[in-house]
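Chain by chain, the residues run as shown.
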Amino acid sequence: MNNTWEGILSPPLPGRKQKPRTTGITMLIDKGLTIRETGDLLSLNDPYLDFIKLTFGTAALYPKAVLIEKIKLVKSFGVFIYPGGTFFELALSQGKRTAYFQSLIEVGFDWVEISDGTLDISGAERTLAIQEANKLGLHVITEVGKKDAANQPNEDLLAELARRDLQEGAEWVIMEGRESGKGIGIYDNQGGLVLDKFNRFSNRIEPEKIIWEAPLKGQQAVLINHFGPNVNLGNIPPSEIMALEALRLGYRSDTWKKSNK
Amino acid sequence: MNNTWEGILSPPLPGRKQKPRTTGITMLIDKGLTIRETGDLLSLNDPYLDFIKLTFGTAALYPKAVLIEKIKLVKSFGVFIYPGGTFFELALSQGKRTAYFQSLIEVGFDWVEISDGTLDISGAERTLAIQEANKLGLHVITEVGKKDAANQPNEDLLAELARRDLQEGAEWVIMEGRESGKGIGIYDNQGGLVLDKFNRFSNRIEPEKIIWEAPLKGQQAVLINHFGPNVNLGNIPPSEIMALEALRLGYRSDTWKKSNK
Amino acid sequence: MNNTWEGILSPPLPGRKQKPRTTGITMLIDKGLTIRETGDLLSLNDPYLDFIKLTFGTAALYPKAVLIEKIKLVKSFGVFIYPGGTFFELALSQGKRTAYFQSLIEVGFDWVEISDGTLDISGAERTLAIQEANKLGLHVITEVGKKDAANQPNEDLLAELARRDLQEGAEWVIMEGRESGKGIGIYDNQGGLVLDKFNRFSNRIEPEKIIWEAPLKGQQAVLINHFGPNVNLGNIPPSEIMALEALRLGYRSDTWKKSNK
Numbered sequence: 057m058n059n060t061w062e063g064i065l066s067p068p069l070p071g072r073k074q075k076p077r078t079t080g081i082t083m084l085i086d087k088g089l090t091i092r093e094t095g096d097l098l099s100l101n102d103p104y105l106d107f108i109k110l111t112f113g114t115a116a117l118y119p120k121a122v123l124i125e126k127i128k129l130v131k132s133f134g135v136f137i138y139p140g141g142t143f144f145e146l147a148l149s150q151g152k153r154t155a156y157f158q159s160l161i162e163v164g165f166d167w168v169e170i171s172d173g174t175l176d177i178s179g180a181e182r183t184l185a186i187q188e189a190n191k192l193g194l195h196v197i198t199e200v201g202k203k204d205a206a207n208q209p210n211e212d213l214l215a216e217l218a219r220r221d222l223q224e225g226a227e228w229v230i231m232e233g234r235e236s237g238k239g240i241g242i243y244d245n246q247g248g249l250v251l252d253k254f255n256r257f258s259n260r261i262e263p264e265k266i267i268w269e270a271p272l273k274g275q276q277a278v279l280i281n282h283f284g285p286n287v288n289l290g291n292i293p294p295s296e297i298m299a300l301e302a303l304r305l306g307y308r309s310d311t312w313k314k315s316n317k
Numbered sequence: 057m058n059n060t061w062e063g064i065l066s067p068p069l070p071g072r073k074q075k076p077r078t079t080g081i082t083m084l085i086d087k088g089l090t091i092r093e094t095g096d097l098l099s100l101n102d103p104y105l106d107f108i109k110l111t112f113g114t115a116a117l118y119p120k121a122v123l124i125e126k127i128k129l130v131k132s133f134g135v136f137i138y139p140g141g142t143f144f145e146l147a148l149s150q151g152k153r154t155a156y157f158q159s160l161i162e163v164g165f166d167w168v169e170i171s172d173g174t175l176d177i178s179g180a181e182r183t184l185a186i187q188e189a190n191k192l193g194l195h196v197i198t199e200v201g202k203k204d205a206a207n208q209p210n211e212d213l214l215a216e217l218a219r220r221d222l223q224e225g226a227e228w229v230i231m232e233g234r235e236s237g238k239g240i241g242i243y244d245n246q247g248g249l250v251l252d253k254f255n256r257f258s259n260r261i262e263p264e265k266i267i268w269e270a271p272l273k274g275q276q277a278v279l280i281n282h283f284g285p286n287v288n289l290g291n292i293p294p295s296e297i298m299a300l301e302a303l304r305l306g307y308r309s310d311t312w313k314k315s316n317k
Numbered sequence: 057m058n059n060t061w062e063g064i065l066s067p068p069l070p071g072r073k074q075k076p077r078t079t080g081i082t083m084l085i086d087k088g089l090t091i092r093e094t095g096d097l098l099s100l101n102d103p104y105l106d107f108i109k110l111t112f113g114t115a116a117l118y119p120k121a122v123l124i125e126k127i128k129l130v131k132s133f134g135v136f137i138y139p140g141g142t143f144f145e146l147a148l149s150q151g152k153r154t155a156y157f158q159s160l161i162e163v164g165f166d167w168v169e170i171s172d173g174t175l176d177i178s179g180a181e182r183t184l185a186i187q188e189a190n191k192l193g194l195h196v197i198t199e200v201g202k203k204d205a206a207n208q209p210n211e212d213l214l215a216e217l218a219r220r221d222l223q224e225g226a227e228w229v230i231m232e233g234r235e236s237g238k239g240i241g242i243y244d245n246q247g248g249l250v251l252d253k254f255n256r257f258s259n260r261i262e263p264e265k266i267i268w269e270a271p272l273k274g275q276q277a278v279l280i281n282h283f284g285p286n287v288n289l290g291n292i293p294p295s296e297i298m299a300l301e302a303l304r305l306g307y308r309s310d311t312w313k314k315s316n317k
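Chains as they are written, first to last, in our numbering: chain Y, 57 to 317; chain H, 57 to 317; chain F, 57 to 317.
Please note that the accuracy of each hint is not assured.
Note that identical chains are pooled: a pair holds if it fits in a single copy or bridges any two copies.
Said to hold, decoys possible - Straight-line Cα separation of at most 25 Å, BS3-like style, residue types lysine-lysine; simulated pairs:
#, residue 1, residue 2
1, Lys87, Lys238
2, Lys313, Lys128
3, Lys87, Lys273
4, Lys73, Lys87
5, Lys238, Lys273
6, Lys273, Lys131
In short, the hints are calculated from the structure, not lab data.
Start from the sequences and build out the full structure, keeping to the hints where you can.
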């Protein structure tokens, strides 16, 4: 596709996977892109983007016809789209799990996120949700971690939960980082990686199955320097999709320099 | 309009007002959206947006024909538009108060902001400006609070000023928070609410008449958790309009969880 | 062009230069704007924008035809465009200096940035690069300063390097500030100006030839208050172009108030 610098320049970080791929996933956090913005973004960034998340409950704020059109548009680019986990938790809290899954299918979603970031959900409920979504034909991504850091289980338990989710039928597990990337999960209040937490979690799971929410550039760089160009990263703002791809390829100081030392 | 989840999900925070409304106002800070961006934003966010502010003196930076077209476009969606208060203060400092009001009317503005964020303005001058704007046919929003925190009067005086403005003919009063939301008015240097200042001010005014500048998500959440879904909020960046509406409805952890405890 | 307030309001900071200009340059940091976004931005901000930088290695991420179209579009507005210096350093490190310059010309670039933000480059190599680029017909901007603050030479050496670059054929020299503007060059970890560093550098160079990377509003305001409306500023995000022009004209509290005291 892009041969401007073919034979002249090669990326400092080799091995970046092309689409379709099952690692090296980039997931966008979408807080309300219009149809036009979505199509425009995809027309250029399609090769660098795998998932669009209509974050928290924003899916409810589109007129139904616009939502259907947006989902169709995204899928036409070979990109997956799903509503944020909070929306699932809300449905569950209102006793509408099955109706929720069916409503997603009706408007065109193929994927659902199952999380317990706000609500406390038992292991049995979680399993039931994953299995029912699968049975209805939905692909499942789960998320581990609480939106209120004070309620966060330790990383051994989170890793155990992630492992179980994958056994029950989830295809990826997201590690919570919120939109801010600060004071949450494996990140400190400035957005820095808390190495001890990170290691406890990452040593206990298959990294290819984890999507790290990493909204901040420093987080993306640290994770790419640790796992390589094909680490799965999520909650990437729309303006950062191409910048992240540059990081993955070593086309930016933060990942180029370190890889060459 | 939106019945995708009708009968399946209801918002955790009930009572959100639909347009036209006089409380629950969302005011956008616009630093130079093009005609296309403005139309695009409104086509989706029209139900969630009440005011667009062409912030500080940016109104002066549009070619006249573009400005006229933009104002017309915004009004066609039932959204109000006005230039930032700094622009008024500048006109006043150059002895052009009346000419300024007339020029606004000429290009299509129906609203004006009267403030003293940068300039010191006497009570008599302030009253004169509000009354003259009204007489010329302009709706008036005033603002209380200084852009330089070191010059800020105490909250009793700000509340008194707000009350007087409303008596003189202002329809809403903005509480200054600037674009950053940090180290200004009721916010500390990290953007947190200073409870003592907030209480001193909010206990002395009708909350339905105050528009709180609250550019940061944490500020929006605190004010929604305090006043409910129909608090008036301003200086919302373009990318946050739908996210704020989700907060107002409890479709996000920050306002859902607290309201259910 | 814009006579809405002609004869009514004049900018508090007088003397702002119109295009074409050689001081008062505004350089945009572009992390992947689409053709449509680029055209849209330029249609309104053309008078306020002089350079677009396709930052770090993002130029490599456009399909060749799209890149050619984007460069042509930008130039049609009388705005200059060039790829980030990291891309040059990458080519140099792979022994492809000449081929790199030729490939830029092939897709339509007229300008190149020569930097050593990541790579260590000898004085002789730097001179050779500037002179060869010029000989091939490219205008040259250089950059001084390291992307890793720990490796930063002192400001005397940076000023000396800048002076030499200008003698060798560079038309402007950028002072490194990165995208963040924090903990880099003349900025502390909060983005504040380190006066001692700033003075050491700025006292030793012609200010009209320096483009200060200043992504944060506070930095822009400090530099405008110091040098006046026609200071050259770079790494300005797309959403801030008009806001910066308002600062240059004194149409915002941060530069109005100080200039009137």
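Handout entry: Violations among the numbered hints
Key = Checked against the structure, the hints that fail are numbers 2, 6, while the rest are satisfied.
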